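J.: Given chain S's structure and the hints, the job is docking chain G onto it.
Number of protein chains: 2
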Amino acid sequence: MLKLYSFGPAANSMKPLLTLYEKGTAFEGHRLNPATFEHHSDWFKAINPRGQVPALVDGDKVITESTVICEYLEDEHPSAVALRPADSYGRAQMRIWTKWVDEYFCWCVSTIGWHRYVGNMVKALSDEEFEAKVAAIPVVEQKVKWRRAREGFPQDMLDEEMRKIAFSVKRLNDHLADNEWLAGGMFSLADICNFAIANGMHYGFAELVNEADTPHLLRWTAQINERPAVKKMFAEVPMEKLRPQD
Amino acid sequence: MLKLYSFGPAANSMKPLLTLYEKGTAFEGHRLNPATFEHHSDWFKAINPRGQVPALVDGDKVITESTVICEYLEDEHPSAVALRPADSYGRAQMRIWTKWVDEYFCWCVSTIGWHRYVGNMVKALSDEEFEAKVAAIPVVEQKVKWRRAREGFPQDMLDEEMRKIAFSVKRLNDHLADNEWLAGGMFSLADICNFAIANGMHYGFAELVNEADTPHLLRWTAQINERPAVKKMFAEVPMEKLRPQD
Chain S
1 MLKLYSFGPA ANSMKPLLTL YEKGTAFEGH RLNPATFEHH SDWFKAINPR
51 GQVPALVDGD KVITESTVIC EYLEDEHPSA VALRPADSYG RAQMRIWTKW
101 VDEYFCWCVS TIGWHRYVGN MVKALSDEEF EAKVAAIPVV EQKVKWRRAR
151 EGFPQDMLDE EMRKIAFSVK RLNDHLADNE WLAGGMFSLA DICNFAIANG
201 MHYGFAELVN EADTPHLLRW TAQINERPAV KKMFAEVPME KLRPQD
Chain G
1 MLKLYSFGPA ANSMKPLLTL YEKGTAFEGH RLNPATFEHH SDWFKAINPR
51 GQVPALVDGD KVITESTVIC EYLEDEHPSA VALRPADSYG RAQMRIWTKW
101 VDEYFCWCVS TIGWHRYVGN MVKALSDEEF EAKVAAIPVV EQKVKWRRAR
151 EGFPQDMLDE EMRKIAFSVK RLNDHLADNE WLAGGMFSLA DICNFAIANG
201 MHYGFAELVN EADTPHLLRW TAQINERPAV KKMFAEVPME KLRPQD
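So the protein sequences, as listed, match chains S and G.
Under our numbering, residues 1 to 246 are what the first sequence spells out, in order.
Under our numbering, residues 1 to 246 are what the second sequence spells out, in order.
Bear in mind the hints are in silico, worked out from the structure with no lab data behind them.
Small disclaimer: the values here were computed from a predicted structure and weren't measured.
For every residue, glycine included, the Cβ atom is placed at its ideal position computed from N, Cα and C.
Careful: at least some of the hints might be erroneous.
Unchecked claim - Estimated spans, in silico, between C-beta atoms of each pair:
#1 S/P138 / G/S41: 43 to 51 Å
#2 S/V140 / G/H216: 48 to 56 Å
#3 S/G59 / G/A132: 57 to 65 Å
#4 G/G24 / S/A135: 48 to 56 Å
#5 S/N179 / G/D156: 37 to 45 Å
#6 S/V81 / G/Q155: 49 to 57 Å
#7 G/D156 / S/A135: 21 to 29 Å
#8 S/P228 / G/E160: 42 to 50 Å
This is chain S alone, in the form it adopts within the complex:
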C-alpha cells in the first residue's frame, strides 16, 4: 500500500494528503512530529535524504516534492476522480498555478509562519541543543532559515514578504472573481496546492484576507472546505498545535 510521510494537513504536506483523499486512494499515513525535528532524524533521512516532508513510498520507489507527488498520483494511480484538466491548455494553466505556489506564494507565507511559530520552538533550546539540531539538517538553505528563526528575521525581509503576501491574495481573489476554480473550469491540483497555503489566512492574515478585500478568495476557500474529502481529511488527520511567538 502507498505510504505517505507528512506533517498535519497544512502547507506542502496538505497537497498530497488532500490529493489522496479527493481521489479516494487508499494509503497508510505516517505523521512526523515537527516539534521534535523528526524529519531531520536519521531514519527519515534514509527515506528522503533532504529531510523534508512530504514523501511518498510506492513499493520500492520514493517520490519527493509535494507538487511532483500530486502529478505522480495522477499518472500512476488514476481513479474515478481526475484532478488534472483533460485538455492540454487547462493542464498548462494548472501547472502555472502550482508552479507559482512553489516559487512565490508558499515562500512568503512560510517566512511569516516561521517568524511567528518556529521562533518559539527553537528559542526554547540551549545553544548546544540548537547546534545539534542544525547539524542534522541536510539542506544548507534550511540551516540558514532555522538560524534566522532563532535570531529573528530582519524586519526588511518580513516587510517584503508581507508585500508579496498582499500581492498574492489579491492575485488569487482577482482570478476567482471570474472563475469558480483556478484552472481548466474544474477543481484541480491548482486549487489543492493553493488551498494548502491559503486556507485559514483570514485568521492569521486578517488585515489582508477578509470579506471586504478578498470576498472571492473566501468564497473559494469556503467552497473547498465544504467538500466531503476535505472534511474527511481534517477529521482524520490531526493538525499540529502551534503556539504563536510571544
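T.: Below, chain G alone, put in the same frame as chain S:
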C-alpha cells in the same frame, strides 16, 4: 502554425526552442531583441502581460512559462520523439529536475549573468531613459532586478549566488557520474532544461566547470551538443552577442 516568441537559444528561451527542434515540430520563431527591451513593449505585453519570454501561441491560446510550455508541447503536440519518460516514476524524477532548474539553478546563474552583462546595457542609459524602461516592466521583482543591475548587485548576494552555482554544478556532475541522462534513462525535458542553463559554463564559470572538477557534466554537455537537433537549432537561431561588464 505554432508561434514561439523568444530570445536566442540560451536559458529559458532555449527550453521550448530545443524541445521543438528535438520533436521536429514545425513552428514560426519570433526573436525579440533584449537590448531594446522589446519584451517590455506594449505589443508583446498584449501577448504575455508579464513581459517575459518565451511565450507560445497555439491558435487562439497563449502558453507562458518555459517549463510549462515544454510539457504542453508533449501533451498537445506529441511526435515520434518523446521527451518525457513513459513510466510515472521516471516522469516524477524528470519533474524534480526541471523544478530544481526553475527554483534554484537558473536563479543563481541568472544573477551572475545580469551582473556581468545586463549592467552594461543599463548603465549606458540616462536616468530618464532608465526610469522609462523600468516603468514599462510589469513584474515588481523584475523592476528590482533591473535597478540592482544598474546600481550593482551587493557583493554578499554575488558571493551567495556563486556558492549556489558551485553546489549546483557539483550536484549535476555527481548525478551524471552514474547516469547517462538526468531522469528515466533517456534524454528528456530534464536534460533540455538543465542544458539550457549549463551549456557553455566552462567558459563563463571555468573555475567551477572544468575537466578536473566536473568531467561528467562536461561529457553530458558535449554529448548533447552532438545531437542533430541541437546543431540545427544553433545553426538556425542566432544567439545574442553580449558584452561583458567592464
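J.: Hint by hint, note whether the structure agrees.
T.: How the hints compare with the structure:
no. : hint                        : result
1   : S/P138 / G/S41: 43 to 51 Å  : 45 Å, holds
2   : S/V140 / G/H216: 48 to 56 Å : 22 Å, violated
3   : S/G59 / G/A132: 57 to 65 Å  : 59 Å, holds
4   : G/G24 / S/A135: 48 to 56 Å  : 51 Å, holds
5   : S/N179 / G/D156: 37 to 45 Å : 42 Å, holds
6   : S/V81 / G/Q155: 49 to 57 Å  : 52 Å, holds
7   : G/D156 / S/A135: 21 to 29 Å : 24 Å, holds
8   : S/P228 / G/E160: 42 to 50 Å : 46 Å, holds
Violated hints amount to a single one, hint 2; each of the other numbered hints is respected by the structure.
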